[in-house]
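Engineer: Residue-level listing of the chains:
2 protein chains.
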Amino acid sequence: MKEYLKTDLNTVKRGANRATYDVKQIYEILDAGFIGFIGYTFQNRVISLPMAYGRIGDKLYLHGSQKNKMLLALIEIKEISMTVMHLDGLVLARSGLHHSVNYRSATLFGKVNLINNVSKKVKILKSVINQMIPNRWDSLRTISDKEIERTLVLEMTIETASAKIREAGVKDEKSDLDLPIWAGIMPIKQIAEFPIGDELLAKNIEIPKHVMDYYTDNKL
Amino acid sequence: MKEYLKTDLNTVKRGANRATYDVKQIYEILDAGFIGFIGYTFQNRVISLPMAYGRIGDKLYLHGSQKNKMLLALIEIKEISMTVMHLDGLVLARSGLHHSVNYRSATLFGKVNLINNVSKKVKILKSVINQMIPNRWDSLRTISDKEIERTLVLEMTIETASAKIREAGVKDEKSDLDLPIWAGIMPIKQIAEFPIGDELLAKNIEIPKHVMDYYTDNKL
Numbered sequence: 023m024k025e026y027l028k029t030d031l032n033t034v035k036r037g038a039n040r041a042t043y044d045v046k047q048i049y050e051i052l053d054a055g056f057i058g059f060i061g062y063t064f065q066n067r068v069i070s071l072p073m074a075y076g077r078i079g080d081k082l083y084l085h086g087s088q089k090n091k092m093l094l095a096l097i098e099i100k101e102i103s104m105t106v107m108h109l110d111g112l113v114l115a116r117s118g119l120h121h122s123v124n125y126r127s128a129t130l131f132g133k134v135n136l137i138n139n140v141s142k143k144v145k146i147l148k149s150v151i152n153q154m155i156p157n158r159w160d161s162l163r164t165i166s167d168k169e170i171e172r173t174l175v176l177e178m179t180i181e182t183a184s185a186k187i188r189e190a191g192v193k194d195e196k197s198d199l200d201l202p203i204w205a206g207i208m209p210i211k212q213i214a215e216f217p218i219g220d221e222l223l224a225k226n227i228e229i230p231k232h233v234m235d236y237y238t239d240n241k242l
Numbered sequence: 023m024k025e026y027l028k029t030d031l032n033t034v035k036r037g038a039n040r041a042t043y044d045v046k047q048i049y050e051i052l053d054a055g056f057i058g059f060i061g062y063t064f065q066n067r068v069i070s071l072p073m074a075y076g077r078i079g080d081k082l083y084l085h086g087s088q089k090n091k092m093l094l095a096l097i098e099i100k101e102i103s104m105t106v107m108h109l110d111g112l113v114l115a116r117s118g119l120h121h122s123v124n125y126r127s128a129t130l131f132g133k134v135n136l137i138n139n140v141s142k143k144v145k146i147l148k149s150v151i152n153q154m155i156p157n158r159w160d161s162l163r164t165i166s167d168k169e170i171e172r173t174l175v176l177e178m179t180i181e182t183a184s185a186k187i188r189e190a191g192v193k194d195e196k197s198d199l200d201l202p203i204w205a206g207i208m209p210i211k212q213i214a215e216f217p218i219g220d221e222l223l224a225k226n227i228e229i230p231k232h233v234m235d236y237y238t239d240n241k242l
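Sequences listed follow chains A and B, in order. Here the first sequence stands for residues 23 to 242, where the numbers follow the numbering used here. Here the second sequence stands for residues 23 to 242, where the numbers follow the numbering used here.
Hints are computed from structural coordinates only; laboratory data are not their basis. It cannot be assumed that every hint is accurate.
Stated by the list, open to error - Here are the simulated lysine-lysine pairs, DSSO-like style, with alpha carbons at most 30 Å apart: (1) B/Lys225 x A/Lys143; (2) A/Lys196 x B/Lys225; (3) A/Lys24 x B/Lys91; (4) A/Lys193 x B/Lys241; (5) B/Lys28 x B/Lys100; (6) A/Lys211 x A/Lys35; (7) A/Lys91 x B/Lys91.
None of the values given here were measured: they were computed from a predicted structure.
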């Protein structure tokens with residue numbers, strides 16, 4: 023599959039010129055982050071909450087406590103939608119309504135499965151941790167059976183999706199271009215600062231390569 | 023009002039030790055950003071989408087095209103919930119399940135009103151632009167009546183809210199502290215890079231003070 027099928031559900035109506043249904047581009051947006059916003063209904067209100075995810079192929083994985091209201095609601099309704107967005111810049115136009123942002127945003131729709139198989143749960147928790155910071159899992163203390171048992175793990179199979187990407191300069195009215203007003207882009211980035219070791223670290227433990235790699239890849 | 027009343031709707035159940043209902047703290051989280059995630063129901067699916075907002079007191083303002091599906095749905099159901107989150111760091115523990123993030127997140131619940139009054143709409147659009155970058159509105163080309171007319175403006179009155187803030191080090195099991203595993207915090211920040219002027223700028227226009235102020239306040 024190279025593109026998600028356009029249906030009524032995922033077709034972008036507003037700003038269709040910024041839309042893409044390309045699977046590779048959508049995976050790139052997902053892999054540039056690890057937190058998505060998920061909507062669910064609670065007390066007849068639609069609530070949108072952030073959650074960490076891991077991606078393996080066309081599956082996204084979520085985990086949490088067995089009492090997590092949102093996860094329990096998702097298991098109940100068996101369907102899920104998630105949006106991941108990265109802000110890349112402020113678009114500062116000469117007029118108010120041409121202000122915008124540069125961004126990459128993906129909205130996914132899928133089915134939810136509860137995962138109970140222990141070895142699959144371990145694989146999934148590995149994907150969630152490594153989504154946050156690559157290659158970390160293998161350096162950690164082995165997860166215990168009790169920890170696995172008391173963790174709720176959900177699998178989302180992406181059925182369809184769309185993304186919107188704006189990566190451009192200011193688009194003003196032609197008649198405004200001669201105005202003596204500054205217009206341009208304020209680039210925005212999410213960066214990492216130098217890692218801070220825990221006060222209680224055992225002696226002689228250096229910052230490992232996967233942590234320094236993350237810092238190097240994400241510092242300004 | 024100093025704190026939002028705790029009801030079934032806004033009471034934080036998971037991680038209650040990180041919860042706050044303090045109005046001032048919640049306003050601070052809102053004013054540190056300008057994009058929130060709003061959930062709405064479309065084709066029986068709950069979708070979560072990012073939107074720019076402006077805040078004036080206990081009101082948040084949204085705007086968009088008159089054909090914006092989400093805004094039209096919100097006007098219909100007259101209720102709204104929005105979440106704003108800032109990621110401040112990766113919490114890298116010695117075991118997988120103690121991994122976490124440092125963050126500030128606010129979830130708001132409120133009523134929706136459609137705003138039709140022209141001078142109120144102008145005030146609101148000013149608040150949205152200035153939420154993105156302070157003091158910009160007054161430097162812009164005056165908004166036209168036509169532009170105001172064709173823009174949908176929604177007012178959300180915050181009725182109740184909660185926030186979760188994690189700003190702490192690693193919390194590992196005592197029995198894990200002696201393990202030869204590096205643990206610590208990777209601080210994460212959203213920063214601005216030097217503003218890039220539009221290619222079509224009229225001659226002799228310098229970067230204005232409000233743009234340089236934003237850059238100075240947000241650069242690393």
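Engineer: Next, verify each hint and record whether it holds.
Structural biologist: Hints, verified against the model:
At roughly 61 Å between alpha-carbon atoms, B/Lys225 and A/Lys143 are farther apart than 30 Å, so this suggested pair is violated. For the suggested pair A/Lys196 and B/Lys225, the alpha carbons sit about 16 Å apart, so the restraint of at most 30 Å is met. Between A/Lys24 and B/Lys91, the direct Cα distance comes to roughly 27 Å. Compliance with the 30 Å bound is thereby established for this hinted pair. Taking the CA atoms of A/Lys193 and B/Lys241, the gap is about 25 Å. The hint holds against a cut of 30 Å.
For the given pair, B/Lys28 sits about 22 Å from B/Lys100 by alpha-carbon distance, which is consistent with the 30 Å threshold. In summary, the hint linking A/Lys211 to A/Lys35 is supported, as the alpha carbons are separated by about 28 Å, within the 30 Å threshold. At most 30 Å may separate the alpha-carbon atoms for a hinted pair to count; A/Lys91 and B/Lys91 meet this at roughly 27 Å.
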